[in-house]
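*Asks:* Residue-level listing of the chains:
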Amino acid sequence: MKAVADRALAIDFGAEAAVRVGGARGLARHPSVALGAAILALVVAIGLLAPWLGTRDPGQIDPVFRNRRPGAERVVRNADGSEAKRTYWMGTDSLGRDVYSRVLYGARVSLVVGVTVALISATVGLAIGLLAGYLRWLDAIVMRVMDGLMSIPAILLAIGLVSLSRAGLRTVVLAIVIPEVPRVVRLVRSVVLSLREEPYVEAAVALGARTPVLLMRHVLPNTLAPLIVQATFVCASAILVEAILSFLGVGIPPETPTWGNIMAEGRALFRVFPHNILFPGVFLAATVLAVNMLGDGLRDMLDPRIRKRL
Amino acid sequence: MGVVAVVVFLLLRLTAGDPAAIIAGDNATTQQVAEIRVRLGLDRPIAQQFAIWLGNVLRGDFGESFFFKKKVADLILERLEPTLALSVCTVVLAVVVAVPLGVIAAYRRATWIDRGVMALSVLGFSVPVFVTGYALVYLFAIQLAWLPVQGYQRLHEGLGGFVTHLILPSLTLAAIYVALIARITRASMLEVLDADHVRTARAKGLAEMPVLLRHVLRNAAVPIVTVIGLGVALLIGGVVVTESVYSIPGLGRLTVDAVLARDFPTVQAVILLFSLVYVLINLVVDLTYTVLDPRIRY
Numbered sequence: 001m002k003a004v005a006d007r008a009l010a011i012d013f014g015a016e017a018a019v020r021v022g023g024a025r026g027l028a029r030h031p032s033v034a035l036g037a038a039i040l041a042l043v044v045a046i047g048l049l050a051p052w053l054g055t056r057d058p059g060q061i062d063p064v065f066r067n068r069r070p071g072a073e074r075v076v077r078n079a080d081g082s083e084a085k086r087t088y089w090m091g092t093d094s095l096g097r098d099v100y101s102r103v104l105y106g107a108r109v110s111l112v113v114g115v116t117v118a119l120i121s122a123t124v125g126l127a128i129g130l131l132a133g134y135l136r137w138l139d140a141i142v143m144r145v146m147d148g149l150m151s152i153p154a155i156l157l158a159i160g161l162v163s164l165s166r167a168g169l170r171t172v173v174l175a176i177v178i179p180e181v182p183r184v185v186r187l188v189r190s191v192v193l194s195l196r197e198e199p200y201v202e203a204a205v206a207l208g209a210r211t212p213v214l215l216m217r218h219v220l221p222n223t224l225a226p227l228i229v230q231a232t233f234v235c236a237s238a239i240l241v242e243a244i245l246s247f248l249g250v251g252i253p254p255e256t257p258t259w260g261n262i263m264a265e266g267r268a269l270f271r272v273f274p275h276n277i278l279f280p281g282v283f284l285a286a287t288v289l290a291v292n293m294l295g296d297g298l299r300d301m302l303d304p305r306i307r308k309r310l
Numbered sequence: 001m002g003v004v005a006v007v008v009f010l011l012l013r014l015t016a017g018d019p020a021a022i023i024a025g026d027n028a029t030t031q032q033v034a035e036i037r038v039r040l041g042l043d044r045p046i047a048q049q050f051a052i053w054l055g056n057v058l059r060g061d062f063g064e065s066f067f068f069k070k071k072v073a074d075l076i077l078e079r080l081e082p083t084l085a086l087s088v089c090t091v092v093l094a095v096v097v098a099v100p101l102g103v104i105a106a107y108r109r110a111t112w113i114d115r116g117v118m119a120l121s122v123l124g125f126s127v128p129v130f131v132t133g134y135a136l137v138y139l140f141a142i143q144l145a146w147l148p149v150q151g152y153q154r155l156h157e158g159l160g161g162f163v164t165h166l167i168l169p170s171l172t173l174a175a176i177y178v179a180l181i182a183r184i185t186r187a188s189m190l191e192v193l194d195a196d197h198v199r200t201a202r203a204k205g206l207a208e209m210p211v212l213l214r215h216v217l218r219n220a221a222v223p224i225v226t227v228i229g230l231g232v233a234l235l236i237g238g239v240v241v242t243e244s245v246y247s248i249p250g251l252g253r254l255t256v257d258a259v260l261a262r263d264f265p266t267v268q269a270v271i272l273l274f275s276l277v278y279v280l281i282n283l284v285v286d287l288t289y290t291v292l293d294p295r296i297r298y
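Those protein sequence lines, which keep their order, are chains P and G. My numbering numbers the first residue of the first sequence as 1 and each following residue consecutively. My numbering numbers the first residue of the second sequence as 1 and each following residue consecutively.
Just chain P, with the same shape it has in the complex:
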């Protein structure tokens, strides 16, 4: 009997090892993953290095130097009488804040929101999905609640949720996590439902493995590949939703530099000064595109069955 279980385990681990090998070899065959990762790395670097990239305080208001076009230059006199020339690469907004600095700092918020939301919803969704998929009695209840949550369009639910409490990073993250969780739960549950019929799971049950051990050691590892792919897409959509919330004025407080906030600020004078919308928009689109490309490539790499179709 022990041998059977060991073999089952070996097959289990073998499958995972195969995925890993496929992953390493697949990287070269999937240029979209490489490109996506490269763009993403650039954005992460920008976010981390923002204070050293020639930026100014992104919240500093300068009433004299408002609404300047990109590339505007200005000579500033320092305290000791020396003069320094400052270039505003992306112009200034209607409060005279440097758009270049705000855009660079905005990368931080987007990335933090994207990664946090992806991690939290993947973890919560995995836990709920594992239990719902494996414990029949729980399944019906949990899935009804999830269906209910899913029948409210995600952005609408998020907008409703942010109105609950004071606007801020934590509220926004929570408001985006809640609509995303049901999607993760569904995915995990469907994988678990098919896994529980696998011979190696039956073997483990026959050997008397207790439910928690069974779920953690035998079922969980096989849900990880689709979960990682899903988490990437959740991350992309979280970045988008955060920008949308901020843009609509219901997200992160307007003085915080986020891409959505910069665009919201630029709305009023869009006809004359489109740069306030253009620059953060390009950054936002490129970031989301990179994450999506990464997700697409990962899916192709981790799931050979889909490769043919999509």
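Hints may contain errors.
Pulled a few chain P residues facing chain G out of the computed Cβ check, cut under 7 Å [said to hold, decoys possible]:
hint : residue
1    : Ile39
2    : Ser151
3    : Ile152
4    : Ser163
5    : Ala243
6    : Pro253
7    : Gly281
8    : Ala285
9    : Leu289
Just so you know, the hints here were simulated from the structure itself, not pulled from any lab data. Values in this document were obtained by computation on a predicted structure and should not be read as measured data. All C-beta atoms in this analysis are idealised placements derived from N, C-alpha and C, irrespective of residue type, glycine included.
Keeping the supplied structure of chain P fixed, place chain G upon it in accordance with the hints.
*Replies:* Same frame as chain P, now just chain G:
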């Protein structure tokens, strides 16, 4: 829908702000606030509030808007036309563009056409609605001055203005929807293209068009129709943003204004309405399966 009702109700009752205080305004006395609270029934236990609210909603009474000082039902009726016009235009536009794109991409698999369509699709997913919106406004309304920049014109004020005001918003909103539908169309077509009956159809000498349309697309239709239904969620989210970008006085704009004003009855009603529409559309989609594929029965 029951779960939705509970969620929507709780969602907006658990807020930090006190609606009675908001209505009363800054100069109200504590007593006035208390009176308003009693009038709105906000002093009763939460379960009782929910029962009253649900009973009213089922009779079509969404209560009175705290902020607009109007009946919510009237408010929604007023804002319905722009949103409906925009959504219908978008869906028609998206399906008309996306399905052929997907079919061509699948038919010319692994050529530059296919790759181009797929790249466009990923791009459509990634570029946020408002960025597309402003890019289109900048190009067509400001630089070329072909179309009006923003705003909306009601149908009874003239067809010309109605249509020109809808073109850019619909294009904006359609982008993400096209991406979604084209992608699924392609994937679904690819599944069917290699099937035996398709080879038979070709072998008996049918031209490519009838083969593609009648034998492949027809069999690939179920996932496509499904995703058109599911995409309505994206559409609704997009409507909220698009209406803000183009200053269209529709339900989406109403939602945002109501949230900003902490106007619970309106927010509740709009979210409930949108969710109802979403569920109903997907029900209709489920029913069309039987038409598309006679093997499916309920």
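*Asks:* The structure should be examined with respect to each hint, and the outcome stated for every one.
*Replies:* To see whether the hints hold, each was checked on the structure:
no., hint, in the structure
1, Ile39, "violated (11 Å)"
2, Ser151, "holds (5 Å)"
3, Ile152, "holds (5 Å)"
4, Ser163, "holds (4 Å)"
5, Ala243, "holds (6 Å)"
6, Pro253, "violated (13 Å)"
7, Gly281, "holds (4 Å)"
8, Ala285, "holds (4 Å)"
9, Leu289, "holds (4 Å)"
The earlier numbered hints that this structure contradicts are 1 and 6.
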